[in-house]
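> As a plain string of letters, each chain reads:
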Amino acid sequence: MLLELKNIKKYFPVKKGFLGRGQTFVRAVDGVDLAIQEGENVSLVGESGCGKTTLARSILRLMPLDGGQIIFKGEDLSRLSGRRIIPYRKHMQMVFQDPFSSLDPRFTVRRLLQEALTLEKEQYKTKGSQEERAAYLLSAVQLKGDMLSRYPHEFSGGERQRVAIARALMLNPQLLILDEAVSSLDVIVQKQIIHLLGDLQRQFRLTYLFISHNLKIIRKISHKIAVMYQGKIVELAPTEEIFNNPLHPYTRELLSAAVEYKAIAREEAILISDHSRLIDKGNGHFVLSE
Amino acid sequence: MSADKKHLSEFQIALRNFKKNRLACLGVVILGLLYVAVIFAEFLSPYSYKNENRNYSYCPPTVIQFFDENRLVWPYVYGRQLEFNAYHGRIYTIDKTQKYPLRFFAPGDTYQWLGFLPGRRHLIGVSEPGRFYLLGADSRGRDVFSRLLYGGRISLSIGLIGVCISFTIGLIVGGVAGYYGGRVDDILMRICEMFMMVPGFYLLLALRSAVPDNFNSVQVYFAIVVILSFIGWAGLARIIRGMCLSLREREYVLAARTFGLSDRKIITGHILPHTVSYSIFAVMLSIPGYILGESALSLIGLGIQDPFASWGNMLSDAMSIVRIKFAPWILLPGFFIFVTVICFNVIGDALRDCLDPLLKSEVKG
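Same order as they appear, the protein sequences are chains A and B. The first sequence lines up with residues 836 to 1125 when you count with our numbering. The second sequence lines up with residues 34 to 398 when you count with our numbering.
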């Protein structure tokens, strides 16, 4: 087991009452359980605002958790605080949605990549070895080595995203979280990047956690799909199982909208009660129900 | 590194646009000349700032003569004769019998250039007992031109040093408050507001009165710098904090955290550099405030003390309308303050114009 999430919770305060009384919260992530095996690509799908990105950022401890455990290779990361989390960061890296804002525009590609090596300073002591590593990863993402001295604003969206992927790989992570990493790119570049991700997975023995709302891409690349809705995972099953046999009403709605471009008229609002649990329906297929 | 030259950062592009603004370039040239002039004040000035001759009190500017009996000769100046009129008013008449040729690299008052390099040569001068007042003399018969150079050294440097100190404080406080948010932010911002609440000039006077009055001139100088920067940092800290609040949500900041950069490195490497475009023109626009603050303090006698010169305390001579009528050149320090302030403002405005697109992209992402 590479990563295990247990009952992850992240609430955001909405209204601050006088002296903290009467405060209300948005349950952005509300009790998520998820397990990721080594080499098993998992995808999180769901509409905007359902908590996918919040979940991803919570896993990386980019924001404080409100509850739950993050167990990475048997080590509970959720209890580690501040400085003690830093050594674990190199195992999990992230590629962000917008390649125009995830690369600091003031830095050259060389500096961007070398900076990502901070945690591996011991291994790459000299400037030369750092540069070698940067050039190696640039070639791994099929970019030319002479791009090192250029600034992000000189690149196209696809090239920037390749740089971002190369940067995420600098520390040789085991888990790579791709937060809508291809959704801002045009379809041809999307295809190239997806292809590249497949190559990189074989080359660097990566495990991917995809976050997307693009079901076509997800179908191509993931082994397991988790459907998120209102901060909870409503359905979790192997990829083909989800596409062939969607059980939860929200999953059905999502599939018909994405695959057939057809909106299902909602007969009644999808209600999720606090007591609902994921129920095993066989074949590794879990559905949220009372 | 020659290959790197092709690739301009956004900042370099902005700087290229700045060069197209001719007014601002003129400002840079004027300021440049002023700063060079005050750095070499000892050499460029004919006299020391404290070289006085009471016989020449409010002596008008000396005219350099180029012709002698309609023949072009080596430039020289006439001597002056002091007489008193019926009301004991001073009248200076030109004494054409005394001629003092101008001398370049003339030996004169000894000095230590910037406090360490000894010398006694001045660019221009006349031999004693002649006096050479390019821009007239002040009440004690000291050369206004020389004192303008020495005074400019104080007035112009106080702006730079003051701005450095207050911007360091402002950037650190604003950066920390904005990056961490929450309680840290609350506490730091309330402190800022305490400073902003008090009207600047009263705070200036109050802080000045807290400084012992037996300080020597160097101590007074630094006390004024510290006081001025103490007042100036809060406004900047608030704006930087606001920018940092939005900058810390940037994906490149999150990315920097995923690969384990320390908070200090993130703030100094990824957050504060993005406030630079704002800071640069804010610095330019706030320097005049320091120069004016020092002048105001010195003008009312709380700043740099006589015989040391600053543009402010030179102006205190010009507080009486009678003296201005009799010797209008004592207003010259005011003119220099005016020119300097205008230059900084023009440069600041130009910088804002060319950095603005950059700034907008910083704030909006």
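In short, the hints are calculated from the structure, not lab data. Using N, Cα and C, we set each Cβ at its ideal position, and we do this for glycine too. Fair warning: there could be bad hints in the mix.
Stated by the list, open to error - Using 35 Å as the maximum straight-line C-alpha spacing, the simulated DSBU-like pairs for lysine-lysine come out as follows:
no., chain 1, residue 1, chain 2, residue 2
1, B, K298, A, K962
2, A, K979, A, K1059
3, B, K129, A, K979
4, B, K83, A, K925
5, A, K844, B, K358
6, A, K908, B, K298
Said to hold, decoys possible - Quick list of the computed label-pair ranges, beta carbon to beta carbon:
no., chain 1, residue 1, chain 2, residue 2, range
7, A, Q858, B, K298, 19 to 25 Å
8, B, I272, A, K908, 55 to 61 Å
9, A, F1078, B, T201, 54 to 60 Å
> State for each hint whether it applies.
So, going through the hints one by one against the coordinates:
1. K298(B) x K962(A): holds, 19 Å
2. K979(A) x K1059(A): Holds, at roughly 34 Å.
3. K129(B) x K979(A): It is violated: about 82 Å lies between the C-alpha atoms, which goes past 35 Å.
4. K83(B) x K925(A): The hint is violated at about 66 Å.
5. K844(A) x K358(B): violated, 79 Å
6. K908(A) x K298(B): holds, 29 Å
7. Q858(A) x K298(B): 19 to 25 Å: This hint is violated: roughly 34 Å between Cβ atoms.
8. I272(B) x K908(A): 55 to 61 Å: At roughly 45 Å between Cβ atoms, K908(A) and I272(B) fall outside 55 to 61 Å, so the hint is violated.
9. F1078(A) x T201(B): 54 to 60 Å: Check passed, 59 Å falls within 54 to 60 Å.
Hint check: violations occur at hints 3, 4, 5, 7, 8; the rest are consistent with the structure.
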